[in-house]
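Q: Generate the whole structure from the sequences, applying the supplied hints.
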Amino acid sequence: MIIVKYFASLKNIAGKEEDHFDLAKGSSLLDLCQAISKTNPQLGKMVHEKKVMISVNLDVVSMDHILNDDDEVALLPPFSGGTQ
Amino acid sequence: MIIVKYFASLKNIAGKEEDHFDLAKGSSLLDLCQAISKTNPQLGKMVHEKKVMISVNLDVVSMDHILNDDDEVALLPPFSGGTQ
Amino acid sequence: MSQALESKVRIQIENFDVSDEIEAIKKVSPNIGGIVTFLGTGREQSKGETISELNFEHYPQMAEKKLEEIRQRAIEEYKIIDMSIIHRIGKIDIGENIVLIVAAGEHRKEAFIACEWAIAELKRITPIWKRETTTTGEVWVQDTP
Amino acid sequence: MSQALESKVRIQIENFDVSDEIEAIKKVSPNIGGIVTFLGTGREQSKGETISELNFEHYPQMAEKKLEEIRQRAIEEYKIIDMSIIHRIGKIDIGENIVLIVAAGEHRKEAFIACEWAIAELKRITPIWKRETTTTGEVWVQDTP
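Protein chains in written order, with the working numbering: chain A, 1 to 84; chain B, 85 to 168; chain C, 169 to 313; chain D, 314 to 458.
Bear in mind the hints are in silico, worked out from the structure with no lab data behind them.
Do not take every clue at face value.
What the hints assert, rightly or not - In silico BS3-like links for lysine-lysine, alpha-carbon gap of 27 angstroms or less:
id: 1; chain 1: C; residue 1: K194; chain 2: D; residue 2: K392
id: 2; chain 1: C; residue 1: K277; chain 2: D; residue 2: K422
id: 3; chain 1: C; residue 1: K215; chain 2: D; residue 2: K392
id: 4; chain 1: A; residue 1: K11; chain 2: C; residue 2: K194
id: 5; chain 1: D; residue 1: K436; chain 2: C; residue 2: K194
id: 6; chain 1: D; residue 1: K339; chain 2: C; residue 2: K277
id: 7; chain 1: D; residue 1: K339; chain 2: D; residue 2: K392
id: 8; chain 1: D; residue 1: K339; chain 2: C; residue 2: K194
id: 9; chain 1: D; residue 1: K339; chain 2: D; residue 2: K422
id: 10; chain 1: D; residue 1: K360; chain 2: B; residue 2: K135
id: 11; chain 1: B; residue 1: K134; chain 2: B; residue 2: K95
id: 12; chain 1: B; residue 1: K100; chain 2: D; residue 2: K378
id: 13; chain 1: D; residue 1: K339; chain 2: C; residue 2: K259
id: 14; chain 1: C; residue 1: K194; chain 2: D; residue 2: K360
id: 15; chain 1: C; residue 1: K195; chain 2: D; residue 2: K436
id: 16; chain 1: C; residue 1: K176; chain 2: C; residue 2: K194
id: 17; chain 1: D; residue 1: K436; chain 2: B; residue 2: K134
id: 18; chain 1: D; residue 1: K378; chain 2: B; residue 2: K134
id: 19; chain 1: C; residue 1: K233; chain 2: A; residue 2: K51
id: 20; chain 1: D; residue 1: K340; chain 2: C; residue 2: K215
id: 21; chain 1: D; residue 1: K340; chain 2: C; residue 2: K247
id: 22; chain 1: D; residue 1: K436; chain 2: C; residue 2: K247
id: 23; chain 1: C; residue 1: K247; chain 2: D; residue 2: K422
id: 24; chain 1: B; residue 1: K122; chain 2: B; residue 2: K109
id: 25; chain 1: C; residue 1: K259; chain 2: A; residue 2: K5
id: 26; chain 1: C; residue 1: K195; chain 2: D; residue 2: K360
id: 27; chain 1: B; residue 1: K95; chain 2: D; residue 2: K392
id: 28; chain 1: C; residue 1: K176; chain 2: D; residue 2: K339
id: 29; chain 1: B; residue 1: K89; chain 2: D; residue 2: K404
id: 30; chain 1: C; residue 1: K259; chain 2: A; residue 2: K16
id: 31; chain 1: C; residue 1: K277; chain 2: D; residue 2: K404
id: 32; chain 1: C; residue 1: K233; chain 2: A; residue 2: K11
id: 33; chain 1: C; residue 1: K247; chain 2: C; residue 2: K176
id: 34; chain 1: D; residue 1: K422; chain 2: C; residue 2: K233
id: 35; chain 1: B; residue 1: K129; chain 2: D; residue 2: K436
As the structure is a prediction and not an experimental result, all values here were calculated from the model.
A: Dropping the structure here:
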């Protein structure tokens, strides 16, 4: 099972803070994004248009990254820490 | 009468913090420096070699500046405020 | 001084005291000669709108990890002696402290460079998000620097 | 907060508190978003020699006048909201505060530029002198930046 976390504006779009997906062994981050897209096309579009970054176990990785059971994936909208 | 102040290392060289000089009306800063040079050649040499800056009434001025009675002249060695 | 000051990289709800953070970093070395700090505070105006409050959210663990990365890189690449980075989360009123970066060097030059680099890098790579509350509602700020 | 904080440019024997100075400048405007401070402290090493104490002397009136000139120029030329400059005189031990510059701007960029310019300008035009005490004696520091 893969844990997916949503932050900031994406929580509103997802309607939740966290999701769980069961994927076949050897699935990539791209496979996960397609699964997310099926449940929430708006989120899928944002990922496709690279409006969100994606981390796996706290590091930003590329779409061909292979996922393992219990991996924590996070969808991260553009950061806005610090001050203007 | 012109008041002359010495700061930092120049106090040691002058052997005092303050001096007084009586100059003819219309004397310039250069005239004063020549008078200082007579009483203390070492100070005069430093002024001549531009190793000190000179202020009149709190502003750094040039050698042709005309002095008035009660002007406060200060001999300022290179500054070293702040930190390295 | 609180226990919390022992950690040089923190994300916390409570306010911080700039003097306490500076005194903590001074203890690292007697050769610190220049300390540059950046303090970000809540501004009343943002793109012509009047802000009543700010709210910050972070991705726990990842945000702290990124701040520690920034600290380590600042020390190694800019040859400063030490750096601390503190970012507040939760509700922030106008005028309140949001973020503090303290860069301590032997001399001022490297401390200025490291401090300015660190706040730009914080904005670029740290998963922290700001929600602004204005008279017209609440909005998550999405512009990257 | 002491009366002294009402003046934004000061030369004083006693120590200052960085947080107090920052809070004082924050009161100037609710649109301050970035505050950059430079704090110079007494270093133990100077050109390979071990320093035991520092002593600063200034030319009263002229030094304050120059600091106020720097403050005004920083505000006008770099478009910051306000600046405070404090320099201590007299005996300073290793690790102690010597000089503080606080530059408050709407954004961080101008605050960084103004703060870095101000400390360089302070060293260049302000009649303040440092005497270092080492194991081999006392010496007036004469190098200009």
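Q: Run every hint past the structure and note whether it holds.
A: Right, here's what the structure says about each hint:
1. C:K194 - D:K392: violated, 31 angstroms
2. C:K277 - D:K422: This hinted pair holds, its Cα atoms lying about 16 angstroms apart.
3. C:K215 - D:K392: holds, 18 angstroms
4. A:K11 - C:K194: Outside the cut-off at roughly 41 angstroms; violated.
5. D:K436 - C:K194: With a Cα-Cα distance of about 23 angstroms, the restraint between D:K436 and C:K194 holds, given a limit of 27 angstroms.
6. D:K339 - C:K277: holds, 26 angstroms
7. D:K339 - D:K392: This hinted pair holds, its Cα atoms lying about 16 angstroms apart.
8. D:K339 - C:K194: holds, 25 angstroms
9. D:K339 - D:K422: It holds: about 17 angstroms lies between the C-alpha atoms, which stays within 27 angstroms.
10. D:K360 - B:K135: holds, 22 angstroms
11. B:K134 - B:K95: Answer holds: B:K134 to B:K95 is near 17 angstroms, not above 27 angstroms.
12. B:K100 - D:K378: Holds, at roughly 25 angstroms.
13. D:K339 - C:K259: holds, 19 angstroms
14. C:K194 - D:K360: holds, 20 angstroms
15. C:K195 - D:K436: Cα-Cα ~26 angstroms, so holds.
16. C:K176 - C:K194: holds, 12 angstroms
17. D:K436 - B:K134: This hinted pair holds, its Cα atoms lying about 18 angstroms apart.
18. D:K378 - B:K134: holds, 23 angstroms
19. C:K233 - A:K51: The hint holds at about 23 angstroms.
20. D:K340 - C:K215: Holds, at roughly 22 angstroms.
21. D:K340 - C:K247: Given pair D:K340, C:K247 is violated - Cα atoms ~35 angstroms apart, limit 27 angstroms.
22. D:K436 - C:K247: holds, 23 angstroms
23. C:K247 - D:K422: Distance of about 22 angstroms is within 27 angstroms: holds.
24. B:K122 - B:K109: holds, 19 angstroms
25. C:K259 - A:K5: holds, 22 angstroms
26. C:K195 - D:K360: holds, 22 angstroms
27. B:K95 - D:K392: violated, 40 angstroms
28. C:K176 - D:K339: holds, 25 angstroms
29. B:K89 - D:K404: At roughly 22 angstroms apart (the allowed maximum being 27 angstroms), D:K404 and B:K89 satisfy the hint.
30. C:K259 - A:K16: holds, 21 angstroms
31. C:K277 - D:K404: holds, 25 angstroms
32. C:K233 - A:K11: The given pair, whose Cα atoms are some 22 angstroms apart, holds under the 27 angstroms limit.
33. C:K247 - C:K176: Given pair C:K247, C:K176 holds - Cα atoms ~17 angstroms apart, limit 27 angstroms.
34. D:K422 - C:K233: holds, 26 angstroms
35. B:K129 - D:K436: holds, 25 angstroms
In summary, the structure is inconsistent with hints 1, 4, 21, 27 from the numbered list given earlier, while agreeing with the others.
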